[in-house]
Structures are given as C-alpha cells and as structure tokens.
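With these hints in hand, go ahead and build the complete structure from the sequences.
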Amino acid sequence: MEKVKIKNYPMASQAPAVLVGATVNGKPNYATVGAFGFVCLEPVIYVSLKSTHYTTVGVKENGYFSVNIPSAKMVQITDYCGSVTGAKTDKSTLFTPFYDEPAKAPLISECPLNYFCRVVQSVPIRGFEVFFGEILATYLAQQCLTDEKPDPLKIDPLIMMGSGYYNLGQEVGKIFKEGTLYSTVTDLAKLRG
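Using the numbering used here, read the sequence shown as starting at 1 and increasing by one per residue.
Do not take every clue at face value.
[As the list claims (entries may be wrong)] Taking lysine-lysine and the DSS-like style, the derived pairs with C-alpha atoms no more than 25 Å apart in a straight line are:
1. Lys174 - Lys149
2. Lys154 - Lys73
3. Lys60 - Lys88
4. Lys177 - Lys154
5. Lys174 - Lys154
6. Lys88 - Lys27
7. Lys50 - Lys60
8. Lys50 - Lys88
9. Lys149 - Lys73
10. Lys27 - Lys50
11. Lys50 - Lys7
[As the list claims (entries may be wrong)] Simulated restraints on C-beta separations:
12. Glu61 - Thr146: 32 to 40 Å
13. Phe98 - Lys73: 18 to 26 Å
14. Ser51 - Val84: 16 to 24 Å
15. Val172 - Tyr80: 31 to 39 Å
16. Thr89 - Leu153: 27 to 35 Å
Everything labelled a hint here was simulated from the structure, so no lab data went into it.
We put the CB at the ideal spot given by N, CA and C, even for glycine.
As structure tokens, then:
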C-alpha cells in the first residue's frame with residue numbers, strides 16, 4: 001500500500017461523535033465532541049472539551065458528565081449542538097433528559113447508548129480540558145441488543161472524520177478471533193495486501 005505524508009491533523013482519525021451532557025446554571029446543556037474514548041480496561045473514559053465551552057463550566061462545577069452516543073439518524077441535531085454555544089442558546093429542550101443518582105448530569109433519552117460519569121481527574125492541555133470519568137452507569141436502548149449484548153449495527157453510531165459524518169457499514173470480524181485463525185506469522189504475512 002503506497003503511503004503519502006499528510007498534515008498532522010487530529011481529525012484524520014475516525015471517532016464516534018458524542019454529546020457530552022452537563023448541568024449548567026441548573027439546566028441541561030450539551031456539547032458535540034469528537035475527542036472521546038476508553039483509557040484502560042477499567043470503566044474509565046475521557047472527553048476533551050474546549051476550556052471556553054459552556055459545558056466545561058458545568059462539568060467542573062458539578063464533577064459529573066454524561067456521554068451520549070447519537071445514532072447516525074441524529075446527524076442534524078448533533079451537528080447543531082456543536083455549532084451553537086449554550087452561553088447564547090438554550091439547548092435544554094433539544095432532548096428528553098433523564099438522570100441517574102446523583103442527578104448531576106443529564107443523559108439523553110433519544111441516544112441509543114449513554115454513560116453517566118464522575119470526574120476522577122482532569123488535565124488542561126493547549127486550550128482544552130481533558131476529563132477522565134469513571135463510568136457509574138451505562139444505559140442502552142433495548143432494541144439495540146442482540147443476544148443480550150450491545151449491537152453496534154443497531155446502535156448505528158455517528159462517526160466523525162475530517163469534515164464529514166459517517167455511519168457504520170457491516171461487521172467484518174470478531175475481536176480476538178480473526179487473528180487466531182492462522183497458525184503462524186508466516187500464514188498471516190500472506191494476507192498482507
């Protein structure tokens with residue numbers, strides 16, 4: 001596979017778009033974020049919010065946040081949440097909020113997958129605040145289960161890459177299964193394209 005060197009641009013990596021929820025001045029507020037992920041084998045995730053974001057104020061103030069995974073069909077409202085600031089636009093009525101105990105951060109009913117998190121650490125970096133959150137509760141829409149497990153194709157997460165949004169296509173393999181089908185490194189080397 002021929003390679004070309006491109007600009008060091010963080011959005012060249014695909015990531016699920018997430019809606020981070022926080023309570024700000026007593027109201028739910030949401031920010032669209034592309035910097036989200038799991039950091040270890042424990043239930044700890046991170047989100048990176050611009051230090052000046054309205055939602056950042058709520059996360060710092062309350063010590064809790066939610067991560068809501070929108071489906072691809074939610075592209076317009078997800079993009080809207082990332083295009084306007086809660087400091088000037090009341091986003092509290094855009095979604096149907098629900099809460100876990102303690103009721104410190106709104107979760108979004110319309111999103112198929114939700115995480116309720118308590119901040120365990122934060123790190124400022126280059127104008128952003130990276131919040132590490134312990135997942136206290138996970139919610140999944142019942143229709144997104146297959147054999148009692150979350151089904152990514154039914155969740156249909158909205159993926160951000162570059163300047164576009166995408167959805168998932170189809171499953172192409174099983175984790176810790178595909179590589180075990182070959183007995184030697186030589187067998188695997190034959191698969192290189």
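Each hint, compared with the structure:
1. A distance of roughly 14 Å separates the Cα atoms of lysine 174 and lysine 149; the hinted pair therefore holds under the 25 Å criterion.
2. Simply put, lysine 154 and lysine 73 have alpha-carbon atoms about 12 Å apart, close enough for the 25 Å limit, and the pair holds.
3. Straight-line distance between C-alpha atoms of lysine 60 and lysine 88 comes to about 19 Å, which keeps the hinted pair within the 25 Å bound.
4. For the hint linking lysine 177 to lysine 154, the alpha-carbon distance of about 22 Å falls within 25 Å, and the restraint holds.
5. Simply put, lysine 174 and lysine 154 have alpha-carbon atoms about 17 Å apart, close enough for the 25 Å limit, and the pair holds.
6. Between lysine 88 and lysine 27, the direct Cα distance comes to roughly 13 Å. Compliance with the 25 Å bound is thereby established for this hinted pair.
7. For the hint linking lysine 50 to lysine 60, the alpha-carbon distance of about 12 Å falls within 25 Å, and the restraint holds.
8. For the hint pairing lysine 50 with lysine 88, the CA-to-CA distance comes to about 16 Å; that is within 25 Å, so the pair holds.
9. Distance hint between lysine 149 and lysine 73 is fulfilled; the C-alpha atoms sit about 22 Å from each other, no more than 25 Å.
10. This hinted pair checks out: lysine 27 and lysine 50 have alpha carbons roughly 20 Å apart, not beyond 25 Å.
11. This hinted pair checks out: lysine 50 and lysine 7 have alpha carbons roughly 22 Å apart, not beyond 25 Å.
12. Look at glutamate 61 against threonine 146: about 39 Å separates their beta carbons, and that is inside 32 to 40 Å.
13. In this structure, phenylalanine 98 and lysine 73 meet the distance hint of 18 to 26 Å, their C-beta atoms being roughly 20 Å apart.
14. For the pair serine 51 and valine 84, the beta carbons lie near 18 Å from each other, so the given range of 16 to 24 Å is met.
15. Judged by the Cβ atoms, the range 31 to 39 Å given for valine 172 and tyrosine 80 holds: they are separated by roughly 32 Å.
16. Checked against the hint of 27 to 35 Å, the C-beta distance between threonine 89 and leucine 153 comes to roughly 33 Å, which is consistent with it.
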